[in-house]
Amino acid sequence: MYPRIAMSAHAIRKIRRAALHVCLPLLLAAGNTDAAPLGLALALNSADGTISLIDMDTYKVVGKAVACKEPHHLMPSPDDKSVIVACSASNQLVFFDPLTGKEQKRIRNISDPYQLGFSPDRKWFVSNSLRLDRVDLYDASDFTLKARLHAPRTPSHMAFDAASEYVFITLQESNEVMAINLKTLKKEWVMPVGPTPAGIVMTPDNRYLLVAIMGEGYVEVIDWKTQKTIKKVPTDTAAHNLHPRGDGRYYFVSNRSVSGGSISLLDTQTMTVVEKYDVPGGPDDMEVRADGKELWATARFGRRVQVVDLTTKTLKTSIPVGSSPHGVFFLNHAPRK
Amino acid sequence: MFQQFLDTFVIVQGWLLDHVVQPPLLALGLGSYLEVAFDGVEFFLYGVLQLSIAYLLLRPLEHFRPLEHWADRKAVRVDVLYTFLDRLGIVPLAVFALLSPLFMSLEGWLRFHDIIPPQLEDAFPSLESYPLFSFFVYLVILDFAEYWRHRLSHTLRWWWALHVIHHSQRQMSLWTDSRNHLLDDLIGGAWFALIALGIGVPPGHFVGLMVAVRIVENLSHVNARLSFGWLGERLLVSPRYHRWHHAVELPAGAQYRYGCNFAILFPVWDRLFGTQYLGEELPATGVQSTVLATPAHADHFWAQQKDGLAGLFRAVKATLGSERR
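Residue numbers (my numbering), protein chains in the order written: chain W, 1 to 337; chain S, 1 to 325.
Derived from the structure by calculation, the hints contain no laboratory data. Predicted model, so just to flag it, every value in this text is computed and none were measured. Fair warning: there could be bad hints in the mix.
When the alpha-carbon atoms are kept at most 16 Å apart in a straight line, the in silico EDC-like pairs for lysine to aspartate or glutamate are as follows [stated by the list, open to error]:
1) W:K123 / W:D139
2) W:K146 / S:D114
3) W:K105 / S:D122
4) W:K276 / W:D309
5) W:K105 / W:D80
6) W:K105 / W:D161
Partner residues aside, some chain W positions facing chain S, computed with beta carbon under 8 Å [as the list claims (entries may be wrong)]:
7) G49
8) V62
9) C68
10) N91
11) R148
Where is the CB? At the ideal position from N, CA and C, for every residue including glycine.
Kindly generate the complete structure, drawing on both the sequences and the hints.
Encoded structure:
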């Protein structure tokens, strides 16, 4: 059953044209981005249960797909042929075509999926249930549940090591990071971090975990092998999420305040903040365009998707979407490194 | 225009979050509640909006088309206090704080053991494509549950001892809907959370809808001559329909022993379960009680809370006594 899509005829033509470019990723990889349309951006409206489909060339919302109850996070399938939306209140994963925004399939009885992640070796699919203090480990090939672990309290974001031996989870309410061994499928250790940890990523050299500490507005740098905090890098109020710029060195950090919201650029070699952009509305999840010219961020509390021009380092445009926009994705994205 | 309204709403909501709510939450290490707090601010603003709409629409009705003429509105003041506590989120916040850990633990345990409450959409997947229709179906289910909660609060002696506070108002007005004993509110919250758990939907999912529904509840208590017409009275609970629920003298008949017209939104439940009374007259409201009619009770929030607890204690004691015999 496909979702109801409301679009103008012009938008449909545009999307059909985009769909014809099945070789878009190849063209983009070759750097030929001038001629090809940029395609669609998908923004999850978690309170509305919908996905806003945004034309990346015109910055206009050209359609809306009905998703499910409380879709919070999304991630591409390993082959980039689908965007997987985690529907926490519907207990489903819904797959959408990133080129057209059309629904592909639903997997039911995935209990309260909130944050998702595939291990780098593509063997594991991990789902956090933030509301119910639980981490579920699925076989990524067929989404069968292999292990279920208590994770008190409020398991939020996740990161993997390069060898896919561990998944690291931030525990937002107990102010900890938990490491789950993907061989034994058991909790291996838990270490204390700053107040209200949210986003977590592994540095490209596989040495450090970077944890956004929302309670005090900094990024905590952790040597995960020794479980020691080696540095705290102040960013801004309510540091929430991290996203790679795509060059293997810099990470964007969203600081999720409403009026004073911002995005910092963190250099992982010097572990310092080198740039900061004003992004109002509570910037949350982010995506970077493949050519590195734009950073897109959902403004969680502002009902908008904010587009930052990375050349001028200013807010380029602000796109009204639905209520509580959370996850954002487009196929035309920079490498995840 | 709608986008302008939304933008203004979001600016006010964001300002309140940034300057009033976020600083203490972060200082207390409660940053993970920011998203809930944002929803709470939204609930508060919707409450302000809803109260403003109710006041601007219904108060003129009470003034120009009053059903009862009162010498003064002194007895109404306490109901205004109840309404502000309720609609602006103070009572709901307390109920949420008390019940949330309990229900989260219960749901967490169920889910950990792979017990996922069934949802309507599992049986009827096409509902997934029509969220508004799905929302309406859930509303009907919740209203059905509310009918039985309300009916039980009249039938069970101990519960009636609390719920009678809602009925002790003799000057029923647009403010009366929120006049409830705090323990009654807590039980109502638990009932709602249980139903939400049973149908597999988090209670927060319905907040926006419930705010809208409450304008209808304000309307059903209004002191004004207002008819919904023959059909309207059968489709939606009207002031006339609900006035019979608050009548001092209940209609004759065994089926009305504990009251009539228990429905909150849709009168069809009373029709189906034999508790509907469609009287043409407009009866006086209140309850026959010497205790609850005293000025000390009538005007004072804490006196009403105390009387409710005393009544509950007496009801439990009497029930236990009769069981022993």
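Evaluation of the provided hints:
1. W:K123 / W:D139: Between K123 (chain W) and D139 (chain W) the Cα gap is close to 6 Å, so the pair holds against 16 Å.
2. W:K146 / S:D114: Holds, at about 12 Å.
3. W:K105 / S:D122: Cα-Cα ~14 Å, so holds.
4. W:K276 / W:D309: holds (12 Å)
5. W:K105 / W:D80: Satisfied, since the Cα-Cα distance of roughly 15 Å is no more than 16 Å.
6. W:K105 / W:D161: violated (30 Å)
7. G49: Hint holds; G49 (chain W) Cβ to chain S Cβ min 6 Å, cut 8 Å.
8. V62: violated (17 Å)
9. C68: Holds, about 7 Å.
10. N91: Given a least distance of 5 Å, the restraint on N91 (chain W) holds.
11. R148: holds (6 Å)
Hint check: violations occur at hints 6 and 8; the rest are consistent with the structure.
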